[in-house]
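Number of protein chains: 2
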Amino acid sequence: MNLLAEKLTNNQQTVLDLLEGSKEPLKAYAILFDIQKKGIKSPLQVYRALDKLIEIGKVHKIESKNSYIACNNSNCNSQTSTSFLICEICDKVTELKKNNLSGYFSKVSDKSNFKYTKHNLEIYGACKACKNKI
Amino acid sequence: MNLLAEKLTNNQQTVLDLLEGSKEPLKAYAILFDIQKKGIKSPLQVYRALDKLIEIGKVHKIESKNSYIACNNSNCNSQTSTSFLICEICDKVTELKKNNLSGYFSKVSDKSNFKYTKHNLEIYGACKACKNKI
DNA sequence: ATTTGATATGTTATATTATTACATGTAATA
DNA sequence: TATTACATGTAATAATATAACATATCAAAT
Numbered sequence: 001m002n003l004l005a006e007k008l009t010n011n012q013q014t015v016l017d018l019l020e021g022s023k024e025p026l027k028a029y030a031i032l033f034d035i036q037k038k039g040i041k042s043p044l045q046v047y048r049a050l051d052k053l054i055e056i057g058k059v060h061k062i063e064s065k066n067s068y069i070a071c072n073n074s075n076c077n078s079q080t081s082t083s084f085l086i087c088e089i090c091d092k093v094t095e096l097k098k099n100n101l102s103g104y105f106s107k108v109s110d111k112s113n114f115k116y117t118k119h120n121l122e123i124y125g126a127c128k129a130c131k132n133k134i
Numbered sequence: 001m002n003l004l005a006e007k008l009t010n011n012q013q014t015v016l017d018l019l020e021g022s023k024e025p026l027k028a029y030a031i032l033f034d035i036q037k038k039g040i041k042s043p044l045q046v047y048r049a050l051d052k053l054i055e056i057g058k059v060h061k062i063e064s065k066n067s068y069i070a071c072n073n074s075n076c077n078s079q080t081s082t083s084f085l086i087c088e089i090c091d092k093v094t095e096l097k098k099n100n101l102s103g104y105f106s107k108v109s110d111k112s113n114f115k116y117t118k119h120n121l122e123i124y125g126a127c128k129a130c131k132n133k134i
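These protein sequence lines map, in sequence, to chains E and V. Using the working numbering, you'd call the opening residue of the first sequence number 1 and step up by one each time. Using the working numbering, you'd call the opening residue of the second sequence number 1 and step up by one each time.
Don't read these hints as lab results, they were simulated from the structure. One thing to keep in mind: the hints can contain errors.
Note that the list lumps identical chains together, so a pair holds whenever it fits in one copy or between two copies.
Straight-line alpha carbon distances no greater than 30 Å define the calculated DSBU-like cross-link-like pairs of lysine-lysine that follow [claimed, not checked]: (1) Lys133 / Lys111; (2) Lys38 / Lys7; (3) Lys23 / Lys111; (4) Lys27 / Lys61; (5) Lys23 / Lys107; (6) Lys65 / Lys41; (7) Lys107 / Lys118; (8) Lys133 / Lys92; (9) Lys133 / Lys115; (10) Lys27 / Lys115; (11) Lys52 / Lys97; (12) Lys107 / Lys133; (13) Lys128 / Lys27; (14) Lys115 / Lys128; (15) Lys111 / Lys92; (16) Lys118 / Lys65; (17) Lys65 / Lys52; (18) Lys111 / Lys61.
Given only the sequences and the hints, what does the whole structure look like? Please build it.
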């Protein structure tokens, strides 16, 4: 399967467009509300689109917020592993781009006799803009 | 407030006992089901107990599983930050004990001009027992 | 061009997870 | 004992997510 060539359906594209235009992660029902004018009427339509977008790496779920965010890496190779910086003040979320976290976590896991496959990291704190206001 | 001296109420102790006796993380409604014989009748009673136990660091929530687990550190100083190894095969969850992850994440955050406060790390893979079976 | 198979859609209903609201209880303490 | 701060009990409801089933679409293989 060629991820880059993946062609999105209408519903998937509609959801992705909304997420890409959002400054903050969105919840599923917020997405539903926002795109009802585009003919999407039920939660399931949203969840199905999200599932697919997550599967192909275009969207990530922020587990601790039950929210979804468009991937900001041009060619995200992290369909599975994700790392976020989440501002507790303004709710802005930044995805940590390609880095060596996976390698590091793999080593940490090894020490516990655990075979690393993937990870989800959610770091909370204050973003640049907000920490300067404190 | 002295966390060590914190005295638990009946409901809190009942929930904690159950979690400490469980090999796997439990969901809130599974907890409710298991302790109805002890007089806890409503979800809210469970969630309130969990909230308190999380607040004092005796219990952690595993966000990606909507599940709760007793802290296995004798004196957990991580009421906030948590790190787990989650086996995708048997669902066993191990909490990474006191380590230097916070320091590492603080540095990683700094590079993005972000002030680290706390984190949640969920590593997925295969535990010792399960990876040997593959 | 048609059949086939895989995937996506639409719709209704329902399951699962979590909170609001409000009245009452308990226990330490000023 | 009046006050304060938590904790409880109960009912209702909100928020998040999935099941079930009938159709539809569309590309690949024949």
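Status of the hints after comparison with the structure:
1. Lys133 / Lys111: Close across copies (19 Å), not inside one copy (40 Å); limit 30 Å.
2. Lys38 / Lys7: Within one copy, since 19 Å is at most 30 Å while 54 Å is not.
3. Lys23 / Lys111: between (38 Å within a copy, 21 Å between copies)
4. Lys27 / Lys61: both (9 Å within a copy, 20 Å between copies)
5. Lys23 / Lys107: between (34 Å within a copy, 25 Å between copies)
6. Lys65 / Lys41: So Lys65 and Lys41 pass the 30 Å test inside a copy (23 Å) and across (28 Å) alike.
7. Lys107 / Lys118: This pair counts as both: shortest intra-copy Cα distance 12 Å, inter-copy 21 Å.
8. Lys133 / Lys92: within (15 Å within a copy, 42 Å between copies)
9. Lys133 / Lys115: Intra 42 Å, inter 12 Å, cutoff 30 Å: inter-copy only.
10. Lys27 / Lys115: For Lys27 and Lys115, only the inter-copy Cα distance (25 Å) is at most 30 Å; the intra-copy one is 32 Å.
11. Lys52 / Lys97: within (21 Å within a copy, 35 Å between copies)
12. Lys107 / Lys133: Intra 37 Å, inter 21 Å, cutoff 30 Å: inter-copy only.
13. Lys128 / Lys27: within (24 Å within a copy, 36 Å between copies)
14. Lys115 / Lys128: between (35 Å within a copy, 8 Å between copies)
15. Lys111 / Lys92: between (34 Å within a copy, 17 Å between copies)
16. Lys118 / Lys65: both (19 Å within a copy, 15 Å between copies)
17. Lys65 / Lys52: both (20 Å within a copy, 20 Å between copies)
18. Lys111 / Lys61: Intra 28 Å, inter 23 Å, cutoff 30 Å: intra and inter.
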